[in-house]
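Trainee: Residues per chain, in single letters:
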Amino acid sequence: MAQLFHPSMNTFSRMTIFGAVFLLGGALWLASVWSRSNYVTEVGVVRDQPVPFSHVHHVAGLGIDCRYCHTSVETSASAGMPSTATCMNCHAHIWKQSPLLEPVRASYRTGESLEWTRVHDLPDFVYFNHSVHVAAGVGCVSCHGRVDKMPLMWREHSLHMDWCLECHRNPEPHRRPREEVFNLAWERPTKEPTTPGSHAAKPADHAEAVAGHAQTDDIHLAALEIAAAIPPGYDSDVARQVTILTSCSTCHR
Amino acid sequence: MTPPDHVATQAAAHSSVQPPDAPPPVLEPGHTLSTVTDKISSIVLTAPPPRSWYFGLAISFALVMLLMWTITQLLWRGVGIWGINIPVGWGFDIVNFVWWIGIGHAGTLISAILLLLRQTWRTSINRFAEAMTLFAVACAGLYPLLHMGRPWFFYWLIPYPNTMGLWPQFRSPLVWDVFAVSTYASVSLLFWYVGLIPDLATLRDRSRHRLGRKVYGMLAMGWRGSALHWHRYETAYLLLAGLATPLVISVHTVVSFDFAVGQVPGWHTTIFPPYFVAGAIFSGFAMVVTLAVPLRAVYGLQDFITERHLDNMAKIMLATGWIVAYGYAMEAFLSWYSGSPPEEYVLVNRMFGPYRYQYWALLACNIAVPQLMWSRTVRRTGWMLFIVSILINVGMWQERYIIVVTSLHRDFLPSSWGMYHGTKWDWSMFAGTIGLFLALLFVFLRLLPMISIFEMRTLVEEEKHVHGGHSDTSDPRGPAP
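Listed in order, the protein sequences are those of chains Z and V.
Position 184 of the first sequence, counting from 1, maps to 184 under the working numbering, and the rest follow consecutively.
Position 74 of the second sequence, counting from 1, maps to 74 under the working numbering, and the rest follow consecutively.
Hint data in this document are derived by calculation from the structure and do not stem from the laboratory.
Virtual Cβ for every residue (Gly too), placed ideally from N, Cα, C.
Where hints are given, some of them may not hold.
Stated by the list, open to error - Far from chain Z by the CB rule (all over 10 Å, computed), these chain V residues:
1. Ser52
2. Gly78
3. Arg118
4. Trp152
5. Tyr160
6. Pro161
7. Thr163
8. Pro168
9. Gly217
10. Leu228
11. Tyr357
As the list claims (entries may be wrong) - What follows is a set of in silico ranges between Cβ atoms, one per label pair, in the way DEER data are often shown:
12. V:His231 to Z:Phe22: 27 to 35 Å
13. V:Leu166 to Z:Leu100: 51 to 59 Å
14. Z:Val21 to V:Lys214: 48 to 56 Å
15. Z:Ala2 to V:Ser375: 55 to 63 Å
16. V:Leu166 to Z:Asn183: 52 to 60 Å
17. V:Lys214 to Z:Ala20: 17 to 25 Å
18. V:Leu228 to Z:Trp29: 13 to 21 Å
19. Z:Ala2 to V:Phe61: 32 to 40 Å
20. V:Pro49 to Z:Phe22: 40 to 48 Å
21. V:Lys424 to Z:Phe125: 52 to 60 Å
22. V:Phe61 to Z:Leu28: 19 to 27 Å
23. V:Pro49 to Z:Asn10: 53 to 61 Å
24. Z:Asn10 to V:Tyr160: 46 to 54 Å
Stated by the list, open to error - Calculated Cβ distances over 12 Å to all of chain Z for the following chain V residues:
25. Asp205
26. Met221
27. Leu440
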């Protein structure tokens, strides 16, 4: 009987059988890398904006506070985008002939809002509240990065769920005194004991901090009520809070 | 490619005498190595398919189209087109999943456990029973995937480092199910394929078409039938049988945990794992009989699938049927013995509630009908056993329906009681998976030998020893195919 296959088929079939393992493994690795790549997460990607607004100039150069433009960041879910009138507070007087600012003036004349391209856009099934994070002492910089060093706005973090959970599972290292929330350059004093892993050692301080915030924030108060209902066994405040922070329904309501 | 003539003449010469106390043969007398190979391989290679093959494939293919249409509707409109809603969130989808997975179990039992127990009669039914397992698992797998609503996220069930920073809930039996069923599917596939390799080589050597030779040759992986090949084959096959054996028990045990781990009255019971496994084997053998009886009639395989096979399968059904009956009895006893009103009510509700007809139908099909198999005539008459097996299949489907639906529709809170009925889409999906199962089976019958050729040739030789008296020193499988 004639040969069905050329002898090279032996090598070829071995290669394909054993190669398939590597091919499959490689494909999975590629998918994993791709899903975390900047191409997908848009980290560091500058989006086109109607006006090339520079945070470097306004924040670092002029020293304008975040809250001058993002007025509702302490009181509501959305940080708020400034109305054109806010821009015109200054730009009615300075740079009033600049062609770059023509869209701003046009918006002011016609009453049509400027349509900024959203850089930090969470999926609609995620409930996110700025005020709760501010009240809990999470600095702007923790999520948005050094905005005062961004000539044009980009995304500093992936906004992936594992990135959210990294903090929600262990919030202490990411918290700061309430008055330093808007200080982008603030760094944790090295002597302070609340470094990662040691937060459980000082429950009393933590309870004070939580209670302090609770007075200023209704939503947080509600969270504390839930925490109070958690049965014994979760008797550390930190554990209680982490239980709330990692509950599915905290973010997916 | 055919065995030497002297083997054939010897076999023909002394196959007729049978000692009176020997069990009936697993291969009818008069067969030689070459007649076995010719008969089985010709179904694939030379004989035109019987008209009933075209007829059956046409009907089952039409049902596959119905399945496609149902899935399209389902993905387009969502699982709301099914009858499921609170309080009955698991309906036909889970009923059919359990039913199909259960059917698959007979294939694994026949191929693995009966191999280890050296039951030679398994030889002529193991190939298509294993194929049946694979196709049943394929049908079963469709249901939980589509039940998810967004099946394109099925890979969330698999633990892998993901951007959500989450792992599946390892404490949930639904996750164990993913492991159990996927292991089962892959081991069954491997077992089936490894068992096919020597036969694929036979087909390669006998095929008259160039394409056929190439394809079978590729699949036979260079099998030449050398002693080294056979040695490795036997080792691998035995190892796979060892691997598959615990799966017969574990898969349906894990499926039963889907219910037993929950606290719903009627589900939360420790009898479930053994009772589910027995039920699975019961329904699986019923399906093997449902397939074997028409197959042997249409393809004239009465010599290979003999009355002894039907008899043995009927006995297994009778035995597992009694285990299942014991399960029902224990369920009833414990619901009374528990002293817990919701548990007690489950039994009353099953017997006299809105689903009472299904419950009594289930008892009739699964307990009463199998008792017919005490009769030797029923066990050995194809059409009678066929009817019994169909009724058992119906009964086992009713059983899963009763377990899933009656437990959910009236649980602890009377204010949230409700009724469940399958919609036309539930039924079309069920009919569609039956079509898929049959269509795959028809294609299998046309492309691969439905009975293991080389193992049947071993039987030719063994029959000679048992029924003929002579012994032959040549390799029982004959020369390399």
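Trainee: Compare the structure with each hint and give your call.
Mentor: Tested hints:
no.	hint	verdict
1	Ser52	holds, 34 Å
2	Gly78	holds, 16 Å
3	Arg118	holds, 32 Å
4	Trp152	holds, 14 Å
5	Tyr160	violated, 8 Å
6	Pro161	violated, 7 Å
7	Thr163	violated, 4 Å
8	Pro168	holds, 14 Å
9	Gly217	violated, 5 Å
10	Leu228	holds, 16 Å
11	Tyr357	holds, 41 Å
12	V:His231 to Z:Phe22: 27 to 35 Å	holds, 29 Å
13	V:Leu166 to Z:Leu100: 51 to 59 Å	violated, 45 Å
14	Z:Val21 to V:Lys214: 48 to 56 Å	violated, 25 Å
15	Z:Ala2 to V:Ser375: 55 to 63 Å	holds, 56 Å
16	V:Leu166 to Z:Asn183: 52 to 60 Å	violated, 33 Å
17	V:Lys214 to Z:Ala20: 17 to 25 Å	holds, 20 Å
18	V:Leu228 to Z:Trp29: 13 to 21 Å	violated, 37 Å
19	Z:Ala2 to V:Phe61: 32 to 40 Å	holds, 37 Å
20	V:Pro49 to Z:Phe22: 40 to 48 Å	holds, 41 Å
21	V:Lys424 to Z:Phe125: 52 to 60 Å	violated, 32 Å
22	V:Phe61 to Z:Leu28: 19 to 27 Å	violated, 35 Å
23	V:Pro49 to Z:Asn10: 53 to 61 Å	violated, 35 Å
24	Z:Asn10 to V:Tyr160: 46 to 54 Å	violated, 35 Å
25	Asp205	violated, 7 Å
26	Met221	violated, 7 Å
27	Leu440	holds, 24 Å
The structure fails hints 5, 6, 7, 9, 13, 14, 16, 18, 21, 22, 23, 24, 25, 26 (numbered hints given earlier, in ascending order).
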